[in-house]
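In order, the protein sequences belong to chains A and B. The opening position of the first sequence corresponds to residue 224 in this note's numbering, with each subsequent residue numbered one higher. The opening position of the second sequence corresponds to residue 57 in this note's numbering, with each subsequent residue numbered one higher.
These aren't lab readings, by the way, just hints derived from the structure by calculation. The reader is advised that the hints may include incorrect statements.
[What the hints assert, rightly or not] Calculated cross-link-like contacts (lysine-lysine; reagent style BS3-like; alpha-carbon spacing at most 27 Å):
| no. | chain 1 | residue 1 | chain 2 | residue 2 |
| --- | --- | --- | --- | --- |
| 1 | A | K244 | B | K128 |
| 2 | B | K293 | A | K230 |
| 3 | A | K470 | A | K484 |
| 4 | B | K301 | A | K230 |
| 5 | A | K230 | B | K115 |
| 6 | A | K230 | B | K73 |
| 7 | A | K230 | B | K169 |
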Amino acid sequence: MILMQTKAIFIDAYRELNAKKLFWLTLGLNVIAVALFASIGINERGFTILFWTFDGLFNTSIMSRETFYKFEFVTWGVPIWLSWGTVILALVSTSGIIPDLVSGGTIEPILSKPIGRIRLFLTKYLTGLLFVAAQILVFSTGCFLVLGIRAGAWEFGLFLAIPIIIAYFSYLFSFCVLIGIVTRSTITALLLTIVFWLFVFVVHIADVSMVAERERTAIALENAPAMVESQERFAQKRIEQLIEQGKPIPGQNGEPLPSGKVDSLEAINPTLKTARQKMIDAQRSFDSRNTWASRVYTLKLILPKTQETIGLLERNLIASDELDGFINMLNGLEDGDDNPDNELGERIDAVYSARTTIWILGTSFIFEIILLGLSTIIFVRRDF
Amino acid sequence: MEAVIDVKGVEKMYRRKVHALRGVDLQVGAGEIFGLLGPNGAGKSTLVKVLLTVISPTKCTGTMLGSKIGTKSALAQVGYLPEHHNFPQYLTSRQVLRHFGAMAGVERKARNKRADELLEIVNMSEWATHKLGSYSKGMRQRVGIAQALMNDPKLVILDEPTDGVDPIGRRDIREILLRLRDEGRTVFLNSHLLSELEMVCDRVAIMVHGLMRQQGTIDELTADRSGFVITAATQMKSESLDAAKNAVRGSSARSKTHARS
Numbered sequence: 224m225i226l227m228q229t230k231a232i233f234i235d236a237y238r239e240l241n242a243k244k245l246f247w248l249t250l251g252l253n254v255i256a257v258a259l260f261a262s263i264g265i266n267e268r269g270f271t272i273l274f275w276t277f278d279g280l281f282n283t284s285i286m287s288r289e290t291f292y293k294f295e296f297v298t299w300g301v302p303i304w305l306s307w308g309t310v311i312l313a314l315v316s317t318s319g320i321i322p323d324l325v326s327g328g329t330i331e332p333i334l335s336k337p338i339g340r341i342r343l344f345l346t347k348y349l350t351g352l353l354f355v356a357a358q359i360l361v362f363s364t365g366c367f368l369v370l371g372i373r374a375g376a377w378e379f380g381l382f383l384a385i386p387i388i389i390a391y392f393s394y395l396f397s398f399c400v401l402i403g404i405v406t407r408s409t410i411t412a413l414l415l416t417i418v419f420w421l422f423v424f425v426v427h428i429a430d431v432s433m434v435a436e437r438e439r440t441a442i443a444l445e446n447a448p449a450m451v452e453s454q455e456r457f458a459q460k461r462i463e464q465l466i467e468q469g470k471p472i473p474g475q476n477g478e479p480l481p482s483g484k485v486d487s488l489e490a491i492n493p494t495l496k497t498a499r500q501k502m503i504d505a506q507r508s509f510d511s512r513n514t515w516a517s518r519v520y521t522l523k524l525i526l527p528k529t530q531e532t533i534g535l536l537e538r539n540l541i542a543s544d545e546l547d548g549f550i551n552m553l554n555g556l557e558d559g560d561d562n563p564d565n566e567l568g569e570r571i572d573a574v575y576s577a578r579t580t581i582w583i584l585g586t587s588f589i590f591e592i593i594l595l596g597l598s599t600i601i602f603v604r605r606d607f
Numbered sequence: 057m058e059a060v061i062d063v064k065g066v067e068k069m070y071r072r073k074v075h076a077l078r079g080v081d082l083q084v085g086a087g088e089i090f091g092l093l094g095p096n097g098a099g100k101s102t103l104v105k106v107l108l109t110v111i112s113p114t115k116c117t118g119t120m121l122g123s124k125i126g127t128k129s130a131l132a133q134v135g136y137l138p139e140h141h142n143f144p145q146y147l148t149s150r151q152v153l154r155h156f157g158a159m160a161g162v163e164r165k166a167r168n169k170r171a172d173e174l175l176e177i178v179n180m181s182e183w184a185t186h187k188l189g190s191y192s193k194g195m196r197q198r199v200g201i202a203q204a205l206m207n208d209p210k211l212v213i214l215d216e217p218t219d220g221v222d223p224i225g226r227r228d229i230r231e232i233l234l235r236l237r238d239e240g241r242t243v244f245l246n247s248h249l250l251s252e253l254e255m256v257c258d259r260v261a262i263m264v265h266g267l268m269r270q271q272g273t274i275d276e277l278t279a280d281r282s283g284f285v286i287t288a289a290t291q292m293k294s295e296s297l298d299a300a301k302n303a304v305r306g307s308s309a310r311s312k313t314h315a316r317s
């Protein structure tokens, strides 16, 4: 009976979406996105669109066809189309699932059937996720075929987009469902979910900025003592020269210190004072950035990690060295040159690499489970 | 008589303020058409929803079809038509019946066959492939009744089934109810119209303000003729007052008028 009821709920959800035309509209848009994906390419001479080639530096000497399509998939296919376009359409399509379920006259005959409320609610939740799964399956399969036919690479890793985007959507959908069950309003659920989504995105941007700032000030702080030591050594050498010459040294043997100087070294070498001040400033600056980065991190910790979840696809699909040629081209560097921003970049990368897949998905799923649990409790306890 | 519904002391209080049900005792026998009568807001629908787990009671003991109230085994044998139902407009009547048949656990072959049979019974076969969005209120009500019968229930609970239905539709619904009783099913009918219940019901209970006031057959309830005492204060002239008194005395109800002029 459980399978029969579950199947009936899924079929009903499909019919509902079908009636709204949104299922087929979204599917059609996915097919168009795949067609766009297929129409763009790369060859020995340059960049191609359909049958036209645009000669230029961006050619297969910089990036293989396979890497190009994977790069295309992870730079716009997933972050732009799947994680924004498809998710917005999916939210519009599915935000009414729970408000419609609990609307007067609809819920009573369903609850009078021999089906548990928890199962009914969670099955309805799953119908929303299934909608997204179907859409991503179409897009991923299309891109898989394009990559195979046009680049000769049959990259099954593209299908990782399905669980990753479902996870991504499920964080937002759990919020949408909670608002839907509390307010019973589709439009409120949709609007507040979009606001929440933007909030999560802003927190992510704040986190990225704060981490970058903290690491930048950390580098400055780490370099400051060496600068001070260098200036101190220079001052010490100068003092030794003055002693040899028998000249008076400020601050020693009863000689007065010039105002604003704390010792003989500063009196001899005015740059030392600036270096010492820079070190103090760097410490203050680092403390301030570190405090703010920690606050944003704490906030981020409890929120779902939408952007990092999307980033998992890139981590798993493209090896870091595959894009070296392209990145160097963007930076105007020859192969083998050192990028001056490497230290900061590497430190930021290290911070984000420390945020493991388990941390990203684990904390996000905890958020989702809490919201879904709350929604389920409300649904189970509510009188209709 | 075997009791299909046997509940005692059913109470429902909303937010510790509104006492919708105040200790309702109810027994419905097998194979009868039982009517629950009462004004709007009396608690009739709340009582039905408590029996069907749509509303959780504050207090309730008893059984339905031999099982504890709210168990799946009991619900599997019940058909229900809510008062203000809103079946999906994007489905055809055949799809509605099949969907709710599946939700009630009816096997595929059986539910396909039964859906067509029931559409025939409620005179909706010609509309089987039309979407509910194009139906009149009466047609939706017929589909609703058919939906309540999809699982071949032993107990059918219909909440205001004739609400918004034209006289011919009402007659058809009454015929369906009598047919259900003849098939051995128990029918529980909720209505605020005595005229609807007295034509088909074997027994009727009257509910007011969340309390069961009286239960019995129509004859039993009407045999104990009760009346009202009307107290009026008026500034009417004596001749007008006499005319009014005569009008009241002429009615079938016993009345006593105290007039103060």
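Structure-based check of all given hints:
Between A:K244 and B:K128 the CA atoms are separated by roughly 36 Å; this puts the pair beyond 27 Å, and the hint is violated. The suggested pairing of B:K293 with A:K230 is violated, with an alpha-carbon distance near 75 Å, which exceeds 27 Å. Between A:K470 and A:K484 the alpha-carbon distance is near 19 Å, which keeps this suggested pair within the 27 Å criterion. For the proposed pair B:K301 and A:K230, the alpha carbon gap of about 68 Å is over 27 Å, so the pair is violated.
Between the alpha carbons of A:K230 and B:K115 the distance comes to roughly 35 Å, so the proposed pair goes past 27 Å and is violated. Annotation: proposed proximity of A:K230 to B:K73 is violated, straight-line Cα distance about 41 Å (limit 27 Å). About 19 Å separates the Cα atoms of A:K230 and B:K169, which keeps this hinted pair within 27 Å; it holds.
Hint compliance for this structure: hints 1, 2, 4, 5, 6 are broken, all remaining hints hold.
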